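Following the hints, position chain B against chain A.
Here is how the chains run, residue by residue.
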Amino acid sequence: MSGQQQPPDPGDEALLARLRRIAAEADPVPEMVIQAARSAFGLRELDAELAELVRDSAVDVPATTVRGAAPRLLSFEFGDVAVECEITERALRRDILGQLVGANAAGVAAEVPGAAAVTVPVDERGRFSVRDLPAGPVRLRCRLADGTTVVTSWAAV
Amino acid sequence: MEATTRQLLATASAGDQRAWDALVERYNSLLWSVARSHRLSTPDAADVVQTTWLRLVEHLDSIADPDRLPGWLATTARRECLRLLRHAGREVQSYTALIDVPDDAPGLDAGLLRDERDAALWHALATLDEFCQQLIRVLMADPPPSYAEASAILGIPIGSVGPSRGRCLSKLRRVAGISGAAGDSVISRGPDRAADSAS
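For the protein sequence lines, the chains are A and B, in the order given.
Going left to right, the first sequence walks through residues 192 to 348 as the working numbering numbers them.
Going left to right, the second sequence walks through residues 4 to 202 as the working numbering numbers them.
These are computed hints drawn from the structure, not numbers from a lab.
Be a bit skeptical, because a hint or two may be false.
Residues from chain B shown here face chain A by an in silico Cβ test under 7 Å; the list is partial [unchecked claim]:
1) Val27
2) Ser32
3) Val52
4) Gln53
5) Thr54
6) Leu57
7) Arg89
8) Ser154
9) Leu172
Treat the numbers as computed from the prediction; the structure is a model and nothing was measured.
Glycine included, every Cβ here is placed at the ideal spot set by N, Cα and C.
With the rest of the complex left out, here is chain A:
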């Protein structure tokens, strides 16, 4: 086994080119996916702080744990502000039960690409509920009492 790089084999190049042609025929990137990728740019958020996804029970919980029945838990953080979410699945719809901690929330809105944001009430303990979202990427826009806006990272739910 030498680590040196050999010139690409012409037969291999031809085989890959053939596979590329077959893929273009049998499994092209759907137009819808291309459009979604382009329009992602329009969802750029320049005036808000980003709360990163720091925990996801779908990934962080050991695989031995029984899945399916338990709701998925997502945690987002920006500084001392945390947004905790519990996702419940109903076929292709999703409900989010959430709580904003570490700051006083003035309002929460859920955003999915290509649709108007859904604003939901927040109680005095920062709890909120978003119902009947389509499965797929979602982010939460949280308006804090001090005027700051925090948006969560996109998460496919």
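Coordinates of chain B only, in the frame set by chain A:
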């Protein structure tokens, strides 16, 4: 002259949709390949690719090393794939066991192909081990990634991209019953399960 990824990132970061579209044009096929190589359905693969681009939009101003963008994108997509697979309760470790099951894995729909030999080759690709399937699908992306990009995407040393490529394509030829291609006879034929540690 074609803009570099670094230039496109900088221009997109300054708010230019066309630069963004050029990035999409350059890497969307790669992301689709990554999603498909995890045997995701069309809606799942679409979610993975869309979420990956949305994540890039979020981090447009904080990509530390633009040269590693393909690796960043592919890693983000792969993480989303694994999350979906695990959440769906599909055991990722036993991936290779799925191979013999008659599957409806979309994107592997050989029925769409008019040419029988193409269909056989496409089907053969779906029967390879996880590592080879991912490697070949990544290298198949249009435009194809460089070895440096493939190395970052697959998480393997750059020096092993070439040899792995030769080994996996050789395996594919064997499964598909293609013979006589140049270089086949000089490539060593290691045990088929050698690369199963990839997950």
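Okay, the hints, checked on the actual structure:
Given the 7 Å rule on beta carbons, the hint for Val27(B) holds: about 4 Å separates it from the nearest Cβ of chain A. For Ser32(B), the interface hint holds, since its Cβ comes within 7 Å of a Cβ in chain A; the closest pair sits about 6 Å apart. Below 7 Å, beta-carbon pairs count as interface contacts, and Val52(B) has one with chain A at about 5 Å; its hint therefore holds. Because the smallest distance between the Cβ of Gln53(B) and any Cβ of chain A comes to about 4 Å, under 7 Å, the interface hint for this residue holds.
Look at Thr54(B): its Cβ gets to within about 5 Å of chain A, closer than 7 Å, so that hint holds up. Hint status for Leu57(B) relative to chain A: holds, with the closest Cβ pair at about 4 Å, below 7 Å. Checking Arg89(B) against chain A by beta carbon gives a least distance of about 6 Å; that is within 7 Å, so the hint holds. With a cut of 7 Å, the hint placing Ser154(B) at the interface with chain A is violated, because the nearest CB-to-CB distance is about 11 Å.
A cut of 7 Å between beta carbons decides the hint on Leu172(B): the least distance to chain A is about 5 Å, and the hint holds.
In this structure, the one hint that does not hold is number 8.
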